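The listed protein sequences correspond, in order, to chains R and B. Reminder that position 339 of the first sequence reads as 339 in the working numbering, one-by-one numbering, no gaps. Reminder that position 61 of the second sequence reads as 61 in the working numbering, one-by-one numbering, no gaps.
Source of the hints: derived by calculation from the structure; they are not laboratory data. Nothing here was measured: the structure is a model prediction, and the numbers come from that model. Any given hint might turn out to be false.
Here are some chain B residues pointing at chain R (derived, C-beta under 8 angstroms) [said to hold, decoys possible]:
#1 Pro35
#2 Leu45
#3 Ile52
#4 Gln71
#5 Ser118
Note that the Cβ used here is the ideal one computed from N, Cα and C, for glycine as well.
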Amino acid sequence: MYVSPIREPLVTGNKTYKKITDEISAPIEGKPGKAWYAGITLTVSALLFGLAMMGYTIWNGIGTWGLNKTIGWGWGITNFVWWVGIGHAGTFISAILLLFRQKWRTSINRSAEAMTLFAVMCAGLFPLIHMGRPLLGFFVFPYPNTRGLWVNFNSPLLWDVFAISTYFTVSLLFWYVGLIPDIGTIRDRIKSKFKKWIYGLLSFGWTGSAKHWQRHESISLILAGLAAPLVLSVHSIVSTDFATSVIPGWHTTIFPPYFVAGAIFSGFAMVLTLLIITRKVLNLENYITVGHIESMNKIIIATGSIVGIAYITELFIAWYSGVEYEQYAFLNRATGPYWWAYWIMMTCNVISPQLLWIKKLRRNLVFTFILSIFINIGMWFERFVIIVTSLHRDYLPSSWSMYEPTIVEVGIFIGTLGLFFTCFLLFIRVFPVIAIAEVKSVLKSSGDKKDKSEKH
Amino acid sequence: MRRYISAYFENEENLLRAAKDLKEKQVSIQDVLTPFPIHGLDSILGFKRSNIPTVGFISGAIGCILAFGFQAWAFIVDYPLFIGGKPHFAIPSFIPITFELTVLFASFGMVFAFLIRSKLGPGANNPIHDERITDDRFMIIIDLDEGGNQDEMVKEILAKEEAQEIKVKEIEK
Chain R
1 MYVSPIREPL
11 VTGNKTYKKI
21 TDEISAPIEG
31 KPGKAWYAGI
41 TLTVSALLFG
51 LAMMGYTIWN
61 GIGTWGLNKT
71 IGWGWGITNF
81 VWWVGIGHAG
91 TFISAILLLF
101 RQKWRTSINR
111 SAEAMTLFAV
121 MCAGLFPLIH
131 MGRPLLGFFV
141 FPYPNTRGLW
151 VNFNSPLLWD
161 VFAISTYFTV
171 SLLFWYVGLI
181 PDIGTIRDRI
191 KSKFKKWIYG
201 LLSFGWTGSA
211 KHWQRHESIS
221 LILAGLAAPL
231 VLSVHSIVST
241 DFATSVIPGW
251 HTTIFPPYFV
261 AGAIFSGFAM
271 VLTLLIITRK
281 VLNLENYITV
291 GHIESMNKII
301 IATGSIVGIA
311 YITELFIAWY
321 SGVEYEQYAF
331 LNRATGPYWW
341 AYWIMMTCNV
351 ISPQLLWIKK
361 LRRNLVFTFI
371 LSIFINIGMW
381 FERFVIIVTS
391 LHRDYLPSSW
401 SMYEPTIVEV
411 GIFIGTLGLF
421 FTCFLLFIRV
431 FPVIAIAEVK
441 SVLKSSGDKK
451 DKSEKH
Chain B
1 MRRYISAYFE
11 NEENLLRAAK
21 DLKEKQVSIQ
31 DVLTPFPIHG
41 LDSILGFKRS
51 NIPTVGFISG
61 AIGCILAFGF
71 QAWAFIVDYP
81 LFIGGKPHFA
91 IPSFIPITFE
101 LTVLFASFGM
111 VFAFLIRSKL
121 GPGANNPIHD
131 ERITDDRFMI
141 IIDLDEGGNQ
151 DEMVKEILAK
161 EEAQEIKVKE
171 IEK
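Could you put together the complete structure from these sequences and hints?
Following this line, the structure appears as structure tokens:
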């Protein structure tokens, strides 16, 4: 078999197929450690606090938030866009990198795509709560009703409904189809009768037959081909929520590509945040190697630079357009009352990723971890800046206003963080964090070099 | 009476060579069970290309037509309403939903086709020949003729490629 002489191995430490199965299934079979219990206690408390705040909002109404007549979208929509953006890395890794035949995706795609699902779940909550009466949430679907009305198909907000729900469903299908063989592996290993029954049910009776594998490969490829434009469409559609309006700072054609790049940028940051911890705690350093971290950092640098160029282009076009309102919107962002948010965004998203041009920093885990947190914060502020600073001072100075969130809004955000990390912590105990079958299939071509010299 | 022989390999290269030799000798291979997809195996076993892409295209096309048609019908025929001065038949603003539903239908179509054709699904009761085949064993199951004329030749090929646990099984029909 052809062995690439230049690339570093994707799986280190002389693995055999058996070892791969053993090590990746270990977290499912063993007992969770103290760190896991501490983690889940923290995340579930955050989730419960968030649920209480959601209940409070639904009971008392949106008046409990800091929104006012001028600023109708605050933390809620900021968090929605932030979470949807984070979801994008998972699909990017599992779909676009599959189409580009990047083998390093095999050890991170499973967890990244799980992250996508959880992030989109968190995102979906916000518009629902923001409606004020979530029980009427079904109004967004075109169903025959006594009023004889249909939903407005010309509205980007409605496109969002379709985009997000399709995105969630297709990601779930893609993820689960990929999981079926691995659930089969767990089913065949697990000792407890009850668990065996559960995993047997979930494995859909997987046997590993050659014909099934052929279909599995085929469906994975075509689903990737569909998910690739889908992931690009989702954040483009989210950006049209803003771009099709006439608010200065929102009404720009650059938004769709700029949002997509930002989404992948923030998503990879979240993947790094999660995986740098996960690989350590679950002893998966041989599968998620420093090389993997470096590859992700390279994507961060590419998308981060696109985001930086988009910021600068926005500024230039605001000046070049000669539109007074547009010019003021950007001047106000940088020097107005929310200047701090703008400069946090600029520092975290434009300046900090440029440090990754230095190879030593790209391969430094502590640095990467801290940087990933910076980017998560920076991308949150990007959405905050776009939404709040554009709204708080638009055409009519008599309506100018300020916005600050109440504890209720902050609590709901903390609650979604709790939901996200709780789901992730449960996921690593229940399903294999790394796609076992896929890692096995790249072992011979991309495993450790020592392994080969022994065998041949 | 149906007879077959089963054996397993520890290495996918041995499996590929054995499968190739057996196919050349016109032996019918019933199934090959592996822990991960083996590239090149489907052409050796003479599988036709999977029809899943076609299913995906057809179901996607259905989704596309349904979504576009429904939006156009709702806004032109069923309840024409002026929205922001836009035309009733506003093709560009129907595109996002049309695209999303195309992808949704295609994905569901393919996943159901995959599960139904492979007889997989919740509660599917497929026989598990050996629990190690989802771990690190590559199993081959070969049909034998009733007379037993092929037995020796098949066993020889399997043994040459270091196959283990070569077992002949007989099932009464």
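Checked hints:
{"no.": "1", "hint": "Pro35", "result": "holds, 6 angstroms"}
{"no.": "2", "hint": "Leu45", "result": "holds, 6 angstroms"}
{"no.": "3", "hint": "Ile52", "result": "holds, 5 angstroms"}
{"no.": "4", "hint": "Gln71", "result": "holds, 5 angstroms"}
{"no.": "5", "hint": "Ser118", "result": "holds, 5 angstroms"}
Against the hints set out earlier in the document, no violation occurs for any number.
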